[in-house]
Every structure is written in C-alpha cells, then in structure tokens.
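Using the sequences and the hints given, assemble the complete structure.
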Amino acid sequence: MGELSLAALISAVGVVVAGVAFFVGRQSGRAIELSAQQRAKATAEETAARVVDEARREAETIRKGAVVAGKEELLLLRETHEQELRGRRADVEREEKRVTERETQIDRARESLEAREQELQRRGKELGQRELASTAREQDLERLIGDERRRLEQLAGLSADQAKAELVRRLEEEALADAASRLREIRESAKRNADREARKIVALAVQRVAAETTAETTVSAVSLPNDEMKGRIIGREGRNIRAFELATGVDVIIDDTPDTVVVSCFDPVRRETARLALEKLVTDGRIHPGRIEEVVAKARKEVDAAIIETGEQAAYDVGVTGLHPELIKLVGRMRWRTSYGQNILAHSKEVAWLAGMMAAELGLDVALAKRGALLHDIGKVLTHEHEGTHVQLGVEVATKYGENPLVVNCIAAHHDDVPHESEVSVLVQAADGISGSRPGARREAFETYVKRLEGLEKIASSYRGVERVFAIQAGREVRVVVTPEQVDDARMTAMSEEIARRIESELQYPGQIKVVVIRESRAVDFAR
13 MGELSLAALI SAVGVVVAGV AFFVGRQSGR AIELSAQQRA KATAEETAAR VVDEARREAE
73 TIRKGAVVAG KEELLLLRET HEQELRGRRA DVEREEKRVT ERETQIDRAR ESLEAREQEL
133 QRRGKELGQR ELASTAREQD LERLIGDERR RLEQLAGLSA DQAKAELVRR LEEEALADAA
193 SRLREIRESA KRNADREARK IVALAVQRVA AETTAETTVS AVSLPNDEMK GRIIGREGRN
253 IRAFELATGV DVIIDDTPDT VVVSCFDPVR RETARLALEK LVTDGRIHPG RIEEVVAKAR
313 KEVDAAIIET GEQAAYDVGV TGLHPELIKL VGRMRWRTSY GQNILAHSKE VAWLAGMMAA
373 ELGLDVALAK RGALLHDIGK VLTHEHEGTH VQLGVEVATK YGENPLVVNC IAAHHDDVPH
433 ESEVSVLVQA ADGISGSRPG ARREAFETYV KRLEGLEKIA SSYRGVERVF AIQAGREVRV
493 VVTPEQVDDA RMTAMSEEIA RRIESELQYP GQIKVVVIRE SRAVDFAR
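The working numbering puts the first residue of the sequence shown at 13, with every later residue one more than the last.
It is worth saying that the hints were derived from the structure and are not from the lab.
Careful: at least some of the hints might be erroneous.
Claimed, not checked - Now the in silico label distances, taken between C-beta atoms and shown as ranges:
hint, residue 1, residue 2, range
1, Lys137, Arg100, 54 to 62 Å
2, Glu306, Asp267, 24 to 32 Å
3, Arg194, Arg488, 33 to 41 Å
4, Thr269, Asp329, 35 to 43 Å
5, Asp267, Pro417, 48 to 56 Å
6, Glu433, Pro301, 53 to 61 Å
7, Glu184, Val462, 53 to 61 Å
8, Pro417, Gly331, 15 to 23 Å
9, Ser517, Gly243, 52 to 60 Å
10, Thr73, Glu94, 28 to 36 Å
11, Asp267, Pro301, 19 to 27 Å
12, Ile265, Ala317, 23 to 31 Å
13, Ile265, Glu306, 22 to 30 Å
14, Asp263, Glu435, 43 to 51 Å
All residues carry an ideal CB built from backbone N, CA and C; glycine is no exception.
Right, here's the structure in full:
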C-alpha cells in the first residue's frame, strides 16, 4: 500500500513538473520582454524542487512504514507457524507415547504367552508320565481282576457269562417288580385324579342344566264337546272314521271314555297331524270325507311348518349354526319322537348343553361339541321309515348333508359302535349318559325292568366261585359276593371286568351299570 502511494505521488509530481516545464517553455519566448515572468519561472522552479523534495521525503516515510508493517506481519506469521509446530510436536509425542505403551503391553503379553506355553509343555510332560503310569496300573488291575475272576469262578462253580446272566435275570426280576409297583401307583393316582376332575366337571355341567322331563306315549287324546260328536266322527256306516284313518294313517279309538277320542300311531308326526286335524274338524263341526281330506292336508302343512320352526328354534337355543335345511327338518321331527319315554328333542338339547359346558371346562371346541350332541340321536326319527339302527341312519344322513367328520364320529361312537376319534366324541357320549341316567328322565315297562335284573343276576352267577349276586339301585349296580378260597385278589379284578364286558354285549340298558365284586376273608378260632 505504501509503495503504491509513493508511485502515485511521484507521478503527480512529474505531471506538475511537466506542466511547469511546459509553462516555462511557452513563456521562454517572452522572457526577454517580461522579466517578471522570469522571476515567476524561477519561483516556479523553486516551488517544483521543494514539492519534489517533499514528495521524496513522504515517499521515504511511506516506504519505511511499509517495511515496518511487513516485518510485523512476518513476525505474526512466524509466531502462528511456531504454535502449529508446537501443537504437532505435542501430538507426535503423545502418539509416540501411546505406541510405546502398546509395544510394552505386547511385550508383556508375549512374555505371558511364552510363560504359559512353557507351563503347558511342562504339564504335557507330566500328563504323559501320568498316562504311562495309569496304563501300567490298568494293566496291573486287569491282571488282578482276571486272577480274581478265575478264583471266583473256581469257588462258585460258574463261568463269568453264567454269573452275568444270573445277575441280569435277577436285575430284570427286580426291575419288573419295581415297574409293576410303580405302574400300579401311577394308575391308582391317575384314577383318583381323573375321577375327581371328571366328577367336578360333570357336577358343574349338571348343576347348570335344569331341563324338563316329559313322557309321551304312542297315543294322543282329543277332547270332545259332548258324546254326540263321537257319532259324527264315525259317520254313517263308519265312512267318516274310515276316511279319516285312510287320510292320516292312524287308528282312531272310540270307547266308553266320556268326551274323549284316542288317536293311536307309532309314527309321531302322523299322530300329531291326525290330532291337529281332528281338533279342527271337531271345532268346525262339518265332518264328511271331502272336508276330512281338506282339513288333513292343511294340518299336514301346519305340522311341516312347525317341524321347520321347531328345528330352527332348537338350533338357536343350543347355539348351533349352519345346519343343512334337511337336518333342520329332522331336528324338528325329534319333538314328536321319544325314547324310553324321554322326548328326543329335549334330550338332544340337554346333551348339547352338557357337552358344551364340559368342553368349555376342558378348553375344547364348544361349537363342535354342541353340534355333535344335537345330532347324535338324529337317526331315531328315521327308524320308522328306513331299516337299520339309529346310529347307522344318523351317520348316513349326516355324511349325506356334508357334516364335519368329527361330528359324524360323535354320532357313530356315542354307543361305542366305532372307536372315538376326538375328545369331543367322548364328551358327547358322557353327556348322553348323564341325560339318560338322571332320575325320572326315562321310563320303561315293568317286564323289561324285570328281565334286565334277571339278566344281570344270570350273567354274574355264571362264573365259578360266585356265592351270591345282588342287583341294587334299580339295576344300576350289581354286587357279586365270591368265595375267598376259590377267587383270589387278582382273579377278583379280572372277574369284575369280564362281567362288565358281558353286560355291555348281552344286555340293553340306559346309562351305566356298576359292577362290584366283594371278597371277604375271615379267620375264626375258639377259646375253650
């Protein structure tokens, strides 16, 4: 900056000098005439010389200032550079120190590894020596064992293989005895726990179900306003009653019972149709063959509609959805079907509720259990029209309308005709037994009851060693008293199982029958 100012000043001075010279040149011609101009020229030259000197001094001052400023800037740069050098030197020193420490650690680790290697070599040598010593000791022990074995064989008169076989045989006998004892304990414990849990689940399910028990027969009574209506029902020469029986397929019984006519038929749906039609005819009062056919047709349509409505209501009550329309009709027909006096629809709904509750307690599929329970006796509504047992018919119709195979198995296995394929099937069977064995749920003829008791006593009495047989609790329990000298404890257990299996295969009965075999031992002596 100083050098530029000095040059500008010198240029300005030059311009001034040049101007002055130009002015002096122009005035030189007039110097002769004008002396004043000469003096002015001299004055101008002096002034120019003074200005040049001042400019030179100022330029020198500026140059010296620039030199001083440059020196100061150079000193500042030098100090900054020295600080950077000192910082880098400190970093290098720290890095050298870190490297030195790492080298020291590596040296120590190397020394430690060398010491460990030497220790391992020493231990390897010791182990080699010990192995040699142990090998020699094993050889000595084998020799001593061989000598001892030969001495024992000489003393016992048995070879090593024979003694080993005898030891294995004894160990097997002890193991079998221990295993049998342990197995018996496990079975008894499992039975106790299973019985307790089963009783709890069944009790909870039964406690939550309060189903009504209804008993229906194969006849239906129709009330009449008076006895004169009986004659109108019979008609001239019996044409009305014949037309009615022909249209409905039932038997109309008119006896001395006042104001009552009995409709008899083994088909409950036809009997219901006839009852409804007869009530309509009695209410209307017009009874003749043409009117009978018309009323019977209307009654049949009403019964069909009632069947569908009943089936849908039953499925809704137990929470079963998605049934085929034909299965809905069969469920509705259960309303007019009985088994041992128990209404099949009420029984199936009760079984569905029980199976659902037990499935919920056990964490199983509740919907599947209810579905299998509702349909387990569906074949009973077809036994009047088709050949076969109700189990076979139920399996056929359920398979035909696309039911789940597990539901079909619930139908097929609820009387143990086929093996159970799921836990749900077992629950359906248990719920069926609970519903059928409740007091008052079912009834049967006196002759059938007596024959069952006689059959129970006959089966139990056919075994050797049986002293007395008692059928108690309305035939639901059989107590068999055996002779202690002829039947031991093991035979007693087998006998109870054999009697139970024969009862299952030879007799027909609702619910279950308990078989109890009693063996009593007495020690008798006399004090004289």
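Results of checking the hints against the structure:
1. Lys137 and Arg100 have their C-beta atoms about 55 Å apart, which keeps the hinted 54 to 62 Å range intact.
2. A C-beta distance of roughly 28 Å is found between Glu306 and Asp267, which places it inside the suggested range of 24 to 32 Å.
3. For the hinted restraint 33 to 41 Å between Arg194 and Arg488, the CB-CB distance of approximately 35 Å keeps it satisfied.
4. With their beta carbons about 36 Å apart, Thr269 and Asp329 fall inside the hinted range of 35 to 43 Å.
5. Remark: the range hint 48 to 56 Å for Asp267 to Pro417 is upheld by a beta-carbon distance near 52 Å.
6. Our hint of 53 to 61 Å for Glu433 and Pro301 holds, since their Cβ atoms are close to 55 Å apart.
7. The given range of 53 to 61 Å is respected by Glu184 and Val462, whose C-beta atoms sit roughly 54 Å from each other.
8. Restraint check, Pro417 to Gly331: a C-beta distance of roughly 21 Å satisfies the suggested window 15 to 23 Å.
9. Hint check: Ser517 to Gly243, Cβ distance near 55 Å, so the stated range 52 to 60 Å holds.
10. The hint said 28 to 36 Å for the Cβ distance between Thr73 and Glu94, and at roughly 32 Å that hint holds.
11. A hinted range of 19 to 27 Å for the beta carbons of Asp267 and Pro301 is consistent with their spacing of about 23 Å.
12. At roughly 28 Å, the beta-carbon separation of Ile265 and Ala317 lies within the given 23 to 31 Å, and the hint holds.
13. A hinted range of 22 to 30 Å for the beta carbons of Ile265 and Glu306 is consistent with their spacing of about 24 Å.
14. For the pair Asp263 and Glu435, the supplied restraint of 43 to 51 Å holds, since their beta-carbon distance comes to about 47 Å.
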